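Enquirer: Sequence:
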Amino acid sequence: MLLVFEDITDRKQRERDALSLTNEISHRIKNNLQIVVGLIAYEAKWTAAPCVQGYTAMQARIGAIAELYDLISQSSRGQTVAVDAYLREIAKTMSASLIGTMSGIKIEVKAEPLEIDPDRAVPFGLLVNELATNAIKHAFPHGTGHVMLSVEKVGDQIELIVADDGVGMKRKDSAKVPEKRGSEYVAIFVRQLGGTIAPSESEGTGTIVRIRLPLLLVPSGGAERAAA
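Numbering-wise (the working numbering), the sequence shown opens with residue 1 and increments by one.
It cannot be assumed that every hint is accurate.
As the list claims (entries may be wrong) - Under the rule of at most 30 Å between Cα atoms (straight-line distance), these lysine-lysine pairs were calculated in the BS3-like manner:
#  : residue 1 : residue 2
1  : Lys-106   : Lys-92
2  : Lys-153   : Lys-106
3  : Lys-110   : Lys-153
4  : Lys-30    : Lys-106
5  : Lys-110   : Lys-30
6  : Lys-30    : Lys-137
7  : Lys-92    : Lys-137
8  : Lys-12    : Lys-30
9  : Lys-137   : Lys-153
10 : Lys-92    : Lys-45
11 : Lys-106   : Lys-45
12 : Lys-45    : Lys-12
13 : Lys-45    : Lys-137
14 : Lys-106   : Lys-137
15 : Lys-92    : Lys-30
16 : Lys-153   : Lys-92
17 : Lys-110   : Lys-92
18 : Lys-45    : Lys-30
What the hints contain is simulated information worked out from the structure, not anything from laboratory work. Every value quoted in this text rests on a predicted model; they were computed, and no experiment measured them.
Could you build all of it, start to finish, from the sequences and the hints given here?
Expert: Next up, the structure:
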């Protein structure tokens, strides 16, 4: 019995050490990514105006990854990432880097208590970031509006919804290079996650984009992660 007790104690100590190391590495990665974000912001101040939009988009993408590692470093388990907290952090980062003084644009998060595998959290976060960025840049020419980020379980799938109450798709110029590039990024991230893109819905005002993903997320509370 003593040997069994010592074995359990040693195993739990190794688990604590591994978790501590994971959190420390995640924290360091997050700090390094924040430095990169700062360098990009500095370069954007001195670059030509037509290039600023590209720098800002890159800053937001890297910021989304940094927030993921920040959540991992704060996690008590280090095995999954809470989707609702992740979306709120992405929304906060986007509000600071993209919206800035345009206080008339608000981002709201509505997510079920689900968790995501860290291996899939980066493309998932970048997908959310890309869809929300497109809405912020193109849906609100007057600088006011509302963006909703929503995740819910639907049957044996996960549905990600990014909706806005802006001008709608009909009034957007689909030939614009930045928007086309953003759509290509969306397609890449969806493909990485094994999902599908539902047709965008627009009724004159507002646009709703629905992404259906395999059960890559798991219910909160320590359930086993579903296989892709």
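Enquirer: Check whether the Cα positions of Lys-92 and Lys-137 lie no farther apart than 30 Å.
Expert: 16 Å, holds
Enquirer: With a cut-off of 30 Å on the C-alpha distance, tell me whether Lys-45 and Lys-12 pass.
Expert: Not satisfied, since the Cα-Cα distance of roughly 50 Å exceeds 30 Å.
Enquirer: So if I understand the rule, the pair passes when the alpha-carbon distance is 30 Å or less; does Lys-92 with Lys-30 pass?
Expert: Given pair Lys-92, Lys-30 holds - Cα atoms ~16 Å apart, limit 30 Å.
Enquirer: Need the status of pair Lys-153, Lys-106: alpha-carbon distance at most 30 Å?
Expert: The given pair, whose Cα atoms are some 24 Å apart, holds under the 30 Å limit.
Enquirer: Verify the proposed pairing of Lys-45 with Lys-137, using a straight-line Cα cut of 30 Å.
Expert: 19 Å, holds
Enquirer: Taking 30 Å as the top limit, are the C-alpha atoms of Lys-110 and Lys-153 close enough?
Expert: Within the cut-off at roughly 12 Å; holds.
Enquirer: Would the hint linking Lys-106 and Lys-92 be met if the CA-CA limit is 30 Å?
Expert: Holds. Lys-106 to Lys-92 sits at ~10 Å (cutoff 30 Å).
Enquirer: Taking 30 Å as the top limit, are the C-alpha atoms of Lys-110 and Lys-30 close enough?
Expert: OK: Lys-110 and Lys-30 at ~25 Å, within 30 Å.
Enquirer: CA of Lys-45 to CA of Lys-30, is that 30 Å or under?
Expert: 23 Å, holds
Enquirer: Does the alpha-carbon distance linking Lys-106 and Lys-45 stay inside the 30 Å limit?
Expert: 25 Å, holds
Enquirer: Taking only the CA atoms, is the gap from Lys-12 to Lys-30 under or equal to 30 Å?
Expert: Holds, because 27 Å separates the two Cα atoms, which is no more than 30 Å.
Enquirer: Within 30 Å, alpha carbon to alpha carbon, are Lys-137 and Lys-153?
Expert: 28 Å, holds
Figure legend: structure checked against the earlier numbered hints; the only hint not met is number 12.
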